[in-house]
Amino acid sequence: MSSDSLPVQWVAPRLSNGLGNRLFQFANAKNMADIWSMPLVFAMNYVLPSEHGDFESIFKMFPLIPKVWKAEPQLCVEHNGVSAFQYIPLPPNQPSDTVLLKGSWITAKYLPETMEPNWKFAVPGSEELLERWNLSSKEQQEKTVFLHVRLGDYCVLPHHQVPLLGYYAKAMAAFPEDTRFLIFSDEPEKARTLPVFHGQPCVFVSEKDELKSLYLMTMCSGGITANSTFSYWGAYFGRERLGETYKCYMPSRWMATDEKTEDLYPSWATRIDT
-10 MSSDSLPVQW
0 VAPRLSNGLG
10 NRLFQFANAK
20 NMADIWSMPL
30 VFAMNYVLPS
40 EHGDFESIFK
50 MFPLIPKVWK
60 AEPQLCVEHN
70 GVSAFQYIPL
80 PPNQPSDTVL
90 LKGSWITAKY
100 LPETMEPNWK
110 FAVPGSEELL
120 ERWNLSSKEQ
130 QEKTVFLHVR
140 LGDYCVLPHH
150 QVPLLGYYAK
160 AMAAFPEDTR
170 FLIFSDEPEK
180 ARTLPVFHGQ
190 PCVFVSEKDE
200 LKSLYLMTMC
210 SGGITANSTF
220 SYWGAYFGRE
230 RLGETYKCYM
240 PSRWMATDEK
250 TEDLYPSWAT
260 RIDT
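Heads up: the sequence shown begins at -10 in the working numbering, then just goes up one per residue.
Some hints could be false.
Within a straight-line C-alpha distance of at most 30 angstroms, the following computed DSBU-like cross-link-like pairs (lysine-lysine) qualify [as the list claims (entries may be wrong)]:
| no. | residue 1 | residue 2 |
| --- | --- | --- |
| 1 | K132 | K91 |
| 2 | K56 | K132 |
| 3 | K179 | K98 |
| 4 | K159 | K201 |
If you anchor each label on the Cβ, the simulated ranges turn out as follows [to be verified]:
| no. | residue 1 | residue 2 | range |
| --- | --- | --- | --- |
| 5 | N123 | E67 | 42 to 48 angstroms |
| 6 | K197 | F110 | 28 to 34 angstroms |
| 7 | R230 | R121 | 16 to 22 angstroms |
| 8 | R230 | N82 | 29 to 35 angstroms |
Hints were generated in silico from the structure; no laboratory data involved.
Ideal placement from N, C-alpha and C gives every residue a C-beta, glycine not left out.
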C-alpha cells in the first residue's frame, strides 16, 4: 500500500522477536482495532527483523491485512507493565486517528474474539502435509495430540529453564490410552532421547518450517504446550477450530524467574504443576 493510499485511520502493532511473540503483538492490535472500529494494518517501518524463523511468516498467515510502508502514527501506546505478561487495560475509546501499539502484550486478556489465519495461503500443499503425518481424516485428528519440547536457546537462557519432564508425563497420562502424540521440537533428535517418551505412542515431527509445524499443531484434537509462545498459538488455533471439545495443558510455571504470569493463561487451558 503506497503512502498516498493510506487509510485516514489505522492501528498497527510493532512486531519483534519470533513468530509466537509477533502473534501476541498482532492479536492485541486486532483486538483493539475491533474495539475501536479502526482498520488494522502492518506498519512495515515498525517491523523488526525476526530473531528466529521466517520474517514473512505472519504476513503469510494474514495476507489480507494491508502493508503500509511509510506509517507515522499520531500516537504510540506502550505496554508499561513491570512484566510482559501483565495485563494493563487499554483505552476503551479510540485515542487517536493513527495508533501504534508497542509492547509484548503476552496475556490472554489481549486476545480478540476470533483470529483465523489463512492456512491455505500460509501452507501451500497443506493436504499433502496432513497425509504425511496421518492427520488427513477427522478420526486421525481426534486421536492425535501435539506436544512441544522447546530446546535450542531454552537450554542456554536461564530465565526459560523450567523443568518440564514431570509435567509432560502428567499431561500425557491425562489423555486416553489410544492417543497418538505428535512431538514438535527445534531439536527432534535430542527430544527423542528424553526418557518421558520411551514406550509412549509418540511420533517425532521432522518439519523445519515453522508454519507447517504450527498448522499441524492446529489440526490436532488437543495440545501439551511448552513454556513457549509458539506452542501457545498451536493450542489457541486448535481451540478456535474445535471449540469446547479441545483439551489443552500448559505448565503452571512459565518462567524460571519470579515473574508473575497468571494473566498469560487462557480460561480453557488446564495448568499442571511443574
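Report the numbers of all earlier hints that the structure fails to satisfy, in ascending order. Result: hints 1, 2, 3 and 6 break, sorted rising.
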